[in-house]
Structures are given as structure tokens and as C-alpha cells.
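Going line by line, the protein sequences match chains W and D.
Sequential numbering of the first sequence, starting at 171, is according to the numbering used here.
Sequential numbering of the second sequence, starting at 168, is according to the numbering used here.
Derived from the structure by calculation, the hints contain no laboratory data.
Wrong hints could be hidden among the right ones.
Once the Cα atoms are required to be at most 27 Å apart in a straight line, the calculated BS3-like pairs of lysine-lysine come out as [claimed, not checked]: (1) K235/W to K180/W; (2) K174/W to K235/W; (3) K298/D to K180/W; (4) K180/W to K246/D; (5) K298/D to K246/D; (6) K298/D to K182/W; (7) K246/D to K174/W; (8) K246/D to K235/W; (9) K246/D to K294/D; (10) K235/W to K294/D; (11) K235/W to K182/W; (12) K182/W to K294/D.
Some residues of chain D that are not near chain W, with every Cβ distance over 12 Å (derived) [as the list claims (entries may be wrong)]: (13) M168; (14) D215; (15) N220; (16) V266; (17) A341.
We put the beta carbon where it would ideally sit given N, CA and C, even for glycine.
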Amino acid sequence: MANKEQVFDKVKEIIVDQLGVDEEEVVPEASFIDDLGADSLDIVELIMALEEEFGLEIPDDEAEKIATVNDAVEYIRENA
Amino acid sequence: MSWEQRTALVTGASRGIGRSIALKLAQQGIAVAINYRGNAVAAQETHDLIRSNGGQCALYPADVSDADQAQDLVNAVLKDWGHLDILVNNAGITRDTLVLRMRMDDWDRVIATNLTGVFACTRAALKPMLKQRFGRIVTISSIAGLIGNAGQANYSAAKAGVIGLMRSVAREVASRQITANVVAPGLIDTEMAHQMAPEAYNQLISQVPLGRAGRPEDVADAVWFLIQADYITGQTLVVDGGLVMD
Numbered sequence: 171m172a173n174k175e176q177v178f179d180k181v182k183e184i185i186v187d188q189l190g191v192d193e194e195e196v197v198p199e200a201s202f203i204d205d206l207g208a209d210s211l212d213i214v215e216l217i218m219a220l221e222e223e224f225g226l227e228i229p230d231d232e233a234e235k236i237a238t239v240n241d242a243v244e245y246i247r248e249n250a
Numbered sequence: 168m169s170w171e172q173r174t175a176l177v178t179g180a181s182r183g184i185g186r187s188i189a190l191k192l193a194q195q196g197i198a199v200a201i202n203y204r205g206n207a208v209a210a211q212e213t214h215d216l217i218r219s220n221g222g223q224c225a226l227y228p229a230d231v232s233d234a235d236q237a238q239d240l241v242n243a244v245l246k247d248w249g250h251l252d253i254l255v256n257n258a259g260i261t262r263d264t265l266v267l268r269m270r271m272d273d274w275d276r277v278i279a280t281n282l283t284g285v286f287a288c289t290r291a292a293l294k295p296m297l298k299q300r301f302g303r304i305v306t307i308s309s310i311a312g313l314i315g316n317a318g319q320a321n322y323s324a325a326k327a328g329v330i331g332l333m334r335s336v337a338r339e340v341a342s343r344q345i346t347a348n349v350v351a352p353g354l355i356d357t358e359m360a361h362q363m364a365p366e367a368y369n370q371l372i373s374q375v376p377l378g379r380a381g382r383p384e385d386v387a388d389a390v391w392f393l394i395q396a397d398y399i400t401g402q403t404l405v406v407d408g409g410l411v412m413d
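Take these sequences, add in the hints, and give me the full structure.
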């Protein structure tokens with residue numbers, strides 16, 4: 171898989187598109203719910219968009235652990 | 168967005184209630200995707216009726232009881248029209264017999280089309296609707312799903328099932344301005360109803376307070392009402408001439 175920056179940039183792009191937030195807000199430690207204003211449906215849509223982009227299937231119990239931008243980037247780097 | 172720019176998918180729209188719904192929506196200027204499974208001749212008739220009235224439509228053969236086909240169906244509609252705003256889950260079959268005589272195959276097939284098919288189409292349609300922040304889902308149930316019907320345990324179970332399904336969907340996606348409602352017709356003058364023995368059919372009409380069988384257009388009117396309604400979700404609208412009054 172590509173390096174961390176590339177994954178981060180792609181994840182950021184998807185988050186900006188899905189959650190309608192500004193790019194500057196999407197920092198590694200940002201929590202989807204607390205910092206980026208996502209609700210449970212937003213998270214599901216986001217996970218589905220990440221699955222589509224990176225060609226992977228994220229099981230529900232793994233998806234539940236993805237709370238921050240960095241969690242998403244790390245999961246993708248380890249599994250894609 | 169005006170209704171003229173909206174797109175609807177109506178499953179099982181070749182004949183009967185489904186055809187009537189397709190015609191009704193097309194009259195409003197909505198582009199209608201006509202789904203059918205087997206009867207290509209009847210589906211073509213629905214298509215030609217809409218076109219001759221100046222409406223927009225296209226044909227989409229698929230068996231909605233197969234989740235992959237349901238997904239492909241929604242994908243095809245999205246590819247052709249760019250968006251999907253309205254889903255009418257109408258496709259349904261019957262395999263009537265008393266429980267004691269009902270084979271597992273009779274049960275499975277009716278559940279597969281009338282319940283699982285609704286789930287599969289709804290799941291597929293929700294994705295674009297969530298993105299759009301708009302959607303209308305109307306599922307055709309039956310008064311058999313409310314009060315049961317001897318000889319239709321499979322059909323009644325599926326038709327009751329879609330009511331619970333739509334209520335859950337309504338709660339899950341309400342925050343995105345997507346509504347999910349049910350229309351439960353009573354005795355409607357269609358080929359499906361005339362599979363009943365004529366005596367039973369006439370006997371049933373005699374019990375309808377409004378004194379006649381419903382027309383497919385009566386059901387289509389209810390569907391169109393729910394599509395227009397911004398503030399109604401998770402509801403079941405009974406269109407039965409007063410038969411049940413639940």
C-alpha cells in the first residue's frame with residue numbers, strides 16, 4: 171500500500187466530501203463524532219466510501235473502533 | 168427540485184397496481200423506471216402507455232428476490248437517469264394454500280420476493296438517497312398483513328413483515344429527509360385478486376363498506392399522496408374501502 175501521506179490525503183478527501191467539513195479540520199487526531207460533527211449514519215456512509223475507494227471490506231466490529239481520522243488511516247494502511 | 172426532475176423506480180410495474188402507480192407518477196412528470204420480471208409484453212404495454220401520454224420511462228427486467236439483481240437494477244437506473252428519488256416496492260407474488268398443505272417452497276418463494284426483495288431494493292436505493300439527502304420509499308403491503316387471510320400465511324407474513332421493515336428504515340434515515348411508508352390495499356380489481364374463486368371475490372365485495380372492489384388507481388393515488396408528504400413517515404395507509412378500519 172501507498173505511504174502514509176498518500177493514504178491520509180485520500181482519506182481526507184473522502185471525509186471532506188462525506189461530512190462537508192473544511193480540509194483544515196481533518197487532522198489525524200480529529201474524532202469523527204466529537205470534532206467533525208458526524209452522526210451514526212455519517213459514519214456508515216464514510217466507512218462504505220472508504221471500502222469502495224480502497225477495495226476492502228471493513229467488518230462492523232472493526233469499523234466500531236475507527237473513531238478518529240488516524241484510526242481510519244492506520245486501518246487502511248494495515249489492511250488495504 | 169420539482170417533480171419533473173425526479174426519478175422513480177417501481178418494481179413489478181408491468182401489470183395491475185404497479186402499472187397504475189407507474190402511470191400516475193409519469194403523469195406528474197416523474198421519469199419512471201419500470202421493473203418487471205417475466206411479463207415483457209405487459210411491461211412494454213406499460214411503457215407504451217406512458218410514452219403515448221408524453222411521459223418518460225424505460226424498462227428494467229430483474230428478479231428482485233435476488234439481492235444481486237436488485238442491486239444491479241438500482242445501479243442501472245442510476246446509470247441511466249443520474250439519480251433515484253423514489254422507490255415503490257410493489258413486486259409481489261402469491262402461492263396460496265392452507266398452512267397444512269403449504270410446502271416450504273411455497274413459503275420461501277413468497278418471502279423471497281415479497282419481503283426479502285423489498286429489503287434488497289430498499290438497501291440498494293438508500294445509498295443514493297442518503298447522498299442526495301432526499302428520498303421517498305413506499306412499499307405495497309396488504310390488509311392480509313394486518314388481519315391475516317386463510318390460505319395466505321406466506322403472503323400475510325411477508326406483508327406484515329414489510330410494515331416492520333419500513334418503520335425501522337423510517338427511523339434509520341429520517342435525519343436525511345428520506346421517508347418510508349406503506350400502502351395496504353384491500354380487495355383491488357387486478358389479475359391477482361381474480362385468482363380467487365368468483366364466489367369468494369363477490370362475497371368479499373359484499374363486506375366492503377364502500378360497496379365495490381378498489382381500482383388500481385385508488386392505490387396509486389395513495390402512493391402519490393405519500394410521495395408528496397414531507398412530514399409523514401413510518402405509516403401504513405389502508406386503501407380498502409373501509410373493510411378493515413384497524
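Could you grab the alpha-carbon distance between K298/D and K182/W and see if it respects the 27 Å cut-off? holds, 18 Å
Would you check the hint for K246/D and K235/W, treating anything up to 27 Å between C-alpha atoms as holding? violated, 34 Å
Between K182/W and K294/D, is the straight-line Cα distance small enough, at 27 Å or below? At roughly 21 Å apart (the allowed maximum being 27 Å), K294/D and K182/W satisfy the hint.
27 Å limit on alpha-carbon distance, applied to hinted pair K246/D and K294/D: Distance ~14 Å between K246/D and K294/D Cα, so the pair holds.
Does K246/D sit within 27 Å of K298/D, going by the straight-line distance between their CA atoms? holds, 15 Å
Starting from K298/D, check that the Cα of K180/W is at most 27 Å away, please. holds, 19 Å
Does K235/W sit within 27 Å of K174/W, going by the straight-line distance between their CA atoms? holds, 19 Å
Are all beta-carbon distances from M168/D to chain W longer than 12 Å? holds, 19 Å
Reported absence of D215/D from the contact zone with chain W (all CB gaps over 12 Å): holds, 38 Å
Regarding the pair K180/W and K246/D, is the alpha-carbon distance no greater than 27 Å? Since the Cα atoms of K180/W and K246/D sit roughly 25 Å apart, the hinted pair holds (cutoff 27 Å).
Take a quick look at N220/D and tell me if its Cβ sits farther than 12 Å from every Cβ on chain W, holds or violated. Per Cβ check, N220/D is outside 12 Å of chain W; nearest 38 Å; holds.
Check whether the Cα positions of K235/W and K294/D lie no farther apart than 27 Å. With Cα atoms ~23 Å apart, K235/W and K294/D stay inside 27 Å; holds.
Of the numbered hints stated above, those contradicted by the structure are hints 7, 8 and 17, listed in ascending order.
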